[in-house]
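Colleague: Chain residues, written in single-letter form:
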Amino acid sequence: MTTKTETASDCKIVTFTLGKQTFGIDMGALIEIREWDEPTPLPNVPTFIKGVSNLRGNVIPVVGLAERLGWEPSVLHARSCILVVNISGKQAGFLVDEVNDIVGITRSEIQPAPEVETIESSVISGLVRISTRAKDGTRDENGTMVLLLDLEALSLTKHLDMAA
Amino acid sequence: MSDELDEIQAIFFEECTEGLTTAEQGLSAMQAGDVSAETIAGVFRAVHSIKGGAGAFGHADLTAFAHKFENVLDEVRAGKIVPTPGVIKVMLSSFDVLSDHVETAKGLAPRPNDAAALAALEKVLADKGVAEDGGAAAPAAPAPAPAPVVEAAAAPAEDEFGFTPVAFSLDDFDAPSEPTASAASWTIRFKPSRAALANAGEPLLIIRELETLGATIESVDVSDVPGLRDLDPENAYFTWTLSMPGDVPENDITDCFDFVAPDSVIEVTRNEVEAPAPAPAPIPVPVIEATPAPEGAPEIDLIPFVPVTATIEDLTAQVQQVVADLAATPMTPTPAPAVPTESAAPKPASEASQTIRVDLSKLDLLLNLVGELVIRNSILADRLSPADRQRVELPELARLTRQIQDNVMSLRAQPIKQAFSRVPRMLRDLSVETGKQIELETTGETTEVDKGVIEKIGDPLTHMIRNAADHGLESTEERIAAGKSPAGTIKLSAEQKGARIFVRVQDNGRGINRERVKAKAIEKGIISADAVLSNEEIDQLICAPGFSTAEKISNISGRGVGMDVVRSNVEALGGRVEIHSVPGEGTTFTMILPLTLAILDGMIVRLANQRFVLPLAHVLETVQPEEGQVKRTSPDSEVIDMRGEYVPVKRATEIFGLNDDRPVEDSLVVIVESEHGKVGLVVDTIDDRREVVIKSLDQNLHPIRGLGGATILGDGSIALILDIEALVASTNRYTPKGLAA
Chain C
1 MTTKTETASD CKIVTFTLGK QTFGIDMGAL IEIREWDEPT PLPNVPTFIK GVSNLRGNVI
61 PVVGLAERLG WEPSVLHARS CILVVNISGK QAGFLVDEVN DIVGITRSEI QPAPEVETIE
121 SSVISGLVRI STRAKDGTRD ENGTMVLLLD LEALSLTKHL DMAA
Chain W
165 MSDELDEIQA IFFEECTEGL TTAEQGLSAM QAGDVSAETI AGVFRAVHSI KGGAGAFGHA
225 DLTAFAHKFE NVLDEVRAGK IVPTPGVIKV MLSSFDVLSD HVETAKGLAP RPNDAAALAA
285 LEKVLADKGV AEDGGAAAPA APAPAPAPVV EAAAAPAEDE FGFTPVAFSL DDFDAPSEPT
345 ASAASWTIRF KPSRAALANA GEPLLIIREL ETLGATIESV DVSDVPGLRD LDPENAYFTW
405 TLSMPGDVPE NDITDCFDFV APDSVIEVTR NEVEAPAPAP APIPVPVIEA TPAPEGAPEI
465 DLIPFVPVTA TIEDLTAQVQ QVVADLAATP MTPTPAPAVP TESAAPKPAS EASQTIRVDL
525 SKLDLLLNLV GELVIRNSIL ADRLSPADRQ RVELPELARL TRQIQDNVMS LRAQPIKQAF
585 SRVPRMLRDL SVETGKQIEL ETTGETTEVD KGVIEKIGDP LTHMIRNAAD HGLESTEERI
645 AAGKSPAGTI KLSAEQKGAR IFVRVQDNGR GINRERVKAK AIEKGIISAD AVLSNEEIDQ
705 LICAPGFSTA EKISNISGRG VGMDVVRSNV EALGGRVEIH SVPGEGTTFT MILPLTLAIL
765 DGMIVRLANQ RFVLPLAHVL ETVQPEEGQV KRTSPDSEVI DMRGEYVPVK RATEIFGLND
825 DRPVEDSLVV IVESEHGKVG LVVDTIDDRR EVVIKSLDQN LHPIRGLGGA TILGDGSIAL
885 ILDIEALVAS TNRYTPKGLA A
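Respectively, the protein sequence lines represent chains C and W. Residue 125 in the numbering used here sits at position 125 of the first sequence, and the numbers go up by one each step. Residue 387 in the numbering used here sits at position 223 of the second sequence, and the numbers go up by one each step.
Derived from the structure by calculation, the hints contain no laboratory data. Think of the CB as a built atom: it goes at the ideal place given N, C-alpha and C, for glycine as much as any other residue. Nothing false has been slipped in among the hints.
From the structure, some residues in chain C lie toward chain W, with a derived Cβ separation under 8 Å:
1. Thr40
2. Pro43
3. Val45
4. Val52
5. Val59
6. Ile60
7. Gln91
8. Ala92
Between the sequences and the hints, there should be enough to build the whole structure, so can you do that?
Modeller: See below:
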């Protein structure tokens, strides 16, 4: 379908949307994509922790990624899904609005994220422009800007430790 | 190659650890007055095995020391040295040095100074060793050996296989083909006693070992073999006479009999002239007819039925024939007591307490799988129609699954003795270092605890013992001045209460000086100067990070990390430390630990339509409150009237911030018991009772106060496990911490 020239790509990212933004994470961190399933709520945790879910016998936290990143909470809809990722040995599920694609990019294409937010170290490791496939017939001339997430910097557990 | 060797060596060290434990237990028993042959032999065997392994791996120092130690033990075992308290004391300190040597061999410690211990052992040998050959032999051959070996063996030890020189030379192995070659040969007479067989002293093995050294069987005396009716399959009736080339050192011969019970007849004599047919050859009564295939074993049952016809000469010839056959077919399983083909085989095995070494990770994997099996079993039960659920197969499957689970759990359970075993040694050292007299009393060492728990309480236990010896107990003078017995006592105990293990270290020392503790805590900035603290809170300060009241930093404790480590380690295990102190009478530290880390018997309850697991161990009873049974005592506290006893009531929904407007009369109150007393927890309903597999939340998240983890229910959904202690503690007015604290 796409006419990607794989020659130049040296890493693959999974792109997904939160609201109007497109984000990407390293393909290597992805474990699986699951349908949204209401997790078991946990008491006394920050609101972005939606609860815990059963991933084949593993109890994993489900994180409202939009809230974690400071955006409006995601509204659940039919295409809402959970990206299960591995963050330095720990597993977590991210609630995202829609999973789009897997694209190959080259590291040289990645631009550093501008330092805008100062409260915590940036969770955006860089920006990359990708050409998006034309889904609904409209052609995308400029491609889409993808915000690459630094999963480590999300410091899910550290953040939680402080909150708890 | 070297990897393989490392692996084997690792096994050896494991065995060393076990051997040391056995030896220590034996020595402790001896110290307590049990000087039975079995106990002594147990210690001897342990030390002997360590020596053997150490020799094979080229740990010259260890070998040399173990050898000397073994010599003394051997003499004690043979009754040539009386195990007086003095001798046992020397052996105990030798044991300590031996342990140090093992550490050195592992590369964990510098070479201990064993000169004093060696001298003490030497002295014991010299003083008590009687003029008998054994006494002479021990120092004669091996004693000079170890001393030079200590320095010299380093070089030879580096040969490819890491063997150290042992007393005999390989030349001995070439000798046996010519049994009668040397002039002054040995004659060995060996009659295993009943005890020898019972203790796995398989005569065949010993005779083979002797044969390896060059011995040949001269004759076998079967005259003691009774009629079949009287034959006791567990007894030994044969007496062997062997000849051994004269160039084999006597010690090597006696070494072969190391593990033979002391009441066996073992005579080693040197012949000046070759005596090929020694005394016991002629046989008066029982006869072995020249039956076909004189295999020895099956023939014996014929004995009583055969008329006594043959002449003594014939018999001698026949016996020799049998002996020759025996020697020729060494695989014959029953050389001595003939009949017990069945009993002989299991005997040695059971004596060696059949064990198998299993990698702990394999057990953990098994445990996980069984956990999943339990869950699948529940899922299956949930999916089936009620009618099918009642069928035999399902309850049977559930029962089997539970049994498997119990068994797997018990595989991981070990007596807490393992953790306690290092304490006596530690106290001996501490006693020397502090100059205090310390007596140890241990109870409940057989309490079984999960291996993971045992591994993790070692350090806390060490700190608690050190703390008790260093800070708790007074010096002898102080004790006498205070009118106490000069020797302080440390009581170490373990007991199981419900799903918890209580490990106590109790000293009868001076107790916690609360004034000083408080002053110190203020000085260190741990508490503010105007803080008002209860006695218990002051006691708890001991466990605060960076706290140490020791006036000078001693080698033992007092670096201000000890008790802090105790508390954090124990809490990491899901346990707690309690301190109880009475000034002038002593202090008790109690570690309260979970019995297992994996599976929980739980009650599934609903709170605001969410399912939670209440650990059943805490549940006392459940009541449906009648109107007026629950009363408010303040705007935010309630009590329930339980037959006249007022129990505080806690709304779990409030603790967790769940919406709940259900009147208490429509709810159930589960009365739970915790360390902080009884509390009633208000829950909506009770769904079920089942065993759940604990999945820790911190595996992927972090611990959440008030929750002991999560579990996966039969339908695949998650239920959170309530941590009763934390929930109840949050109601405790001394620690008014919110759940989210």
